[in-house]
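S.K.: Given next are the chains, with one letter for each unit.
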Amino acid sequence: METTISVKLKIWRQRSPKEKGQFVEYELDNVSTGSSFLEMLDMLNQKLVEKGEEPVVFDNDCREGICGMCSLYINGHPHGPVQGITTCQLHMRKFKNGDVITIEPWRSAAFPVIRDLMVNRNAFDQIQQAGGYVSFNCGGAPDANATPISKEVADVAMDSATCIGCGACVAACKNGSAMLFVSAKVSQFALLPQGQVERARRARAMVKKMDELGFGNCTNTGACAAECPKNIPLSNIARLNREFIKAKCAD
Amino acid sequence: MWLTSSSVGRKLVMAVTGVCLVLFVTFHVLMNGVAIFWPAGYNAVCAFLGANWYALVASIGLAALFIIHIIYALWLTLQNRKARGNDRYAVTSKPKQVEWASQNMLVLGIVVLAFLVVHMIQFWAKMQLAEILGQHDPDPANGMYFINAAFSCWVTPVVYIIGFIALWFHMTHGFWSMFQSAGWDNDTWLPRLKCIANWWTSLVVALFIAEALVFTVNANNGNYANCPIVSGAEVECCEAAEVVVSMEGCAGHHHEGCTGNHEGCEGNHEGCTGNHEGCAGQKAECTKCEESTEE
Ligand code: HEM
Ligand code: SF4
Ligand code: FES
Numbered sequence: 001m002e003t004t005i006s007v008k009l010k011i012w013r014q015r016s017p018k019e020k021g022q023f024v025e026y027e028l029d030n031v032s033t034g035s036s037f038l039e040m041l042d043m044l045n046q047k048l049v050e051k052g053e054e055p056v057v058f059d060n061d062c063r064e065g066i067c068g069m070c071s072l073y074i075n076g077h078p079h080g081p082v083q084g085i086t087t088c089q090l091h092m093r094k095f096k097n098g099d100v101i102t103i104e105p106w107r108s109a110a111f112p113v114i115r116d117l118m119v120n121r122n123a124f125d126q127i128q129q130a131g132g133y134v135s136f137n138c139g140g141a142p143d144a145n146a147t148p149i150s151k152e153v154a155d156v157a158m159d160s161a162t163c164i165g166c167g168a169c170v171a172a173c174k175n176g177s178a179m180l181f182v183s184a185k186v187s188q189f190a191l192l193p194q195g196q197v198e199r200a201r202r203a204r205a206m207v208k209k210m211d212e213l214g215f216g217n218c219t220n221t222g223a224c225a226a227e228c229p230k231n232i233p234l235s236n237i238a239r240l241n242r243e244f245i246k247a248k249c250a251d
Numbered sequence: 252m253w254l255t256s257s258s259v260g261r262k263l264v265m266a267v268t269g270v271c272l273v274l275f276v277t278f279h280v281l282m283n284g285v286a287i288f289w290p291a292g293y294n295a296v297c298a299f300l301g302a303n304w305y306a307l308v309a310s311i312g313l314a315a316l317f318i319i320h321i322i323y324a325l326w327l328t329l330q331n332r333k334a335r336g337n338d339r340y341a342v343t344s345k346p347k348q349v350e351w352a353s354q355n356m357l358v359l360g361i362v363v364l365a366f367l368v369v370h371m372i373q374f375w376a377k378m379q380l381a382e383i384l385g386q387h388d389p390d391p392a393n394g395m396y397f398i399n400a401a402f403s404c405w406v407t408p409v410v411y412i413i414g415f416i417a418l419w420f421h422m423t424h425g426f427w428s429m430f431q432s433a434g435w436d437n438d439t440w441l442p443r444l445k446c447i448a449n450w451w452t453s454l455v456v457a458l459f460i461a462e463a464l465v466f467t468v469n470a471n472n473g474n475y476a477n478c479p480i481v482s483g484a485e486v487e488c489c490e491a492a493e494v495v496v497s498m499e500g501c502a503g504h505h506h507e508g509c510t511g512n513h514e515g516c517e518g519n520h521e522g523c524t525g526n527h528e529g530c531a532g533q534k535a536e537c538t539k540c541e542e543s544t545e546e
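For the record, the sequence lines run as chains A and B. Going by our numbering, the first sequence runs without a break in its numbering and finishes at 251. Going by our numbering, the second sequence runs without a break in its numbering and finishes at 546.
These are calculated hints, taken from the structure and not from any lab test. Owing to the predicted nature of the structure, the values given are computational and were not obtained by experimental measurement. All the pointers check out, no bait thrown in.
Below, in silico cross-link-like pairs of lysine to any residue (SDA-like), each with a Cα-Cα straight-line distance of 20 Å or less:
(1) A:Lys209 / A:Gly165
(2) A:Lys248 / B:Val267
(3) B:Lys445 / B:Ile416
(4) A:Lys151 / B:Asn437
(5) A:Lys208 / B:Trp253
(6) A:Lys209 / A:Ala247
(7) A:Lys10 / B:Ala341
(8) A:Lys209 / A:Gln128
(9) A:Lys208 / B:Gln330
(10) A:Lys10 / A:Tyr26
(11) A:Lys248 / B:Val264
(12) A:Lys246 / B:Trp435
Turn these sequences into a full structure, and let the hints guide you.
M.R.: Here it is, written out as structure tokens:
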């Protein structure tokens, strides 16, 4: 049943990357339990703008769980307390009247805060550019069935490909490791015939870039997989380890 | 070199040293089991693994494994703290899938290391090191003697058990983590590995704790001190006789042909080769026995 609730928000406000930030508290009444978490923040911003204050800056785009832009650390969890969804898919019905909701930006050395809740995730783009693609000469589109791929392999590759590059894995990891993201990107191609040509080069280049950018060493805590909105499994990390070790041994 | 310069390579080093340490720990607990059931056999193992060239080579290899494991542990942890950045979350919570141990491997390792230092002082320094330095008193190969010395003090089992508990946490996570680090990707086997990790580690740690408790009880009851094998005392009565061990009272380490100490007779007399009829079981030639029965 749709009702309205009042919540107390503790939001990280930081004007610029260099300035010191702090938490600011806001009270928000009449929040519909049918609204999404981001709509609730829109409501807050509307109020702030009307009062002539600076609205809270946060990243978002598709609002349907496919772009990976929304990046809020809510009550101790990236993408909020519900597992397997993004922040934009979180609803206010998951909260109770009078709840205190603490909202923080992703905190990791490789993801510096730009402003308020918005962080710079350009590091992920750089890792992708280092090898997260397949190159081929374009011609006529090949027949879809020309390259047979077993259902099992196609499923695992597809599951890996669902990674939206949101960075929740890094945000959740006590080691600031990007292994889950990189492993998903490496796995999706390593499993498919189309990815074979650049297979070893990809694993080497992406891990190298990841290390260069200062992400941490994975200790297999598994917080990434637990918090990933796309449920990317931990076994991808083992696969990345194998791909990389194999590539290095072949050198 | 990718084993030092890449994160995956560094983790591989952790995994390889980790698997060797797991195997070593497993071997160690089994070897100690001998000391519970067959102290004389344990001393034989100690004599075999003294300061021979093969024992020295193995010890140096083992020390290298530990040193590499510890240096990499510190290095990785420092890098990871740096990667995490200086800003901490105000609210944190641990998803239920995350093992506590996995987030505290360094702390657990340091507790194990602290135990290890105590353990090395109590045993290694007095056994292998003493042998290298050519010390003979007490006999460096008399493992049971040092077990008795260490475990007569109540602090020892406490320190050991703390170390074992830390090892349990460290190894239950490390055991499956090392396969993951080495690149075994398998959704079927990952839960199985976690299960094997728990069983393997629990058995090892349970056996270690049982050993510490048995040693403590025996040491404090004087079972070892009275035992000629442990105390290193010359067994005069039974010089020529084979040593047959049973733990009963350890006064109780029976020597064949000698049913033990005889009343009024401190037991082991020169020239007395065993049990004799009469004399609460002692032979007439044994003057001391005769004296004692006459009294
Ligand atoms: C008998 C003692 C020990 C055993 C059997 C052992 C075993 C292991 C194993 C199997 C791993 C997993 C490796 C991996 O995830 O790939 C590991 C990781 C680790 N060990 Fe040990 N270890 C021992 C002693 C120590 C000591 C003394 C320290 C530190 C002072 C230490 C610190 C660490 C750390 C920090 C990790 C996590 C590293 C990472 O996952 O990146 N360990 N250990
Ligand atoms: S692996 Fe999951 S948490 Fe990490 S970037 Fe991809 S979708 Fe986000
Ligand atoms: S806004 Fe696109 S995934 Fe949330």
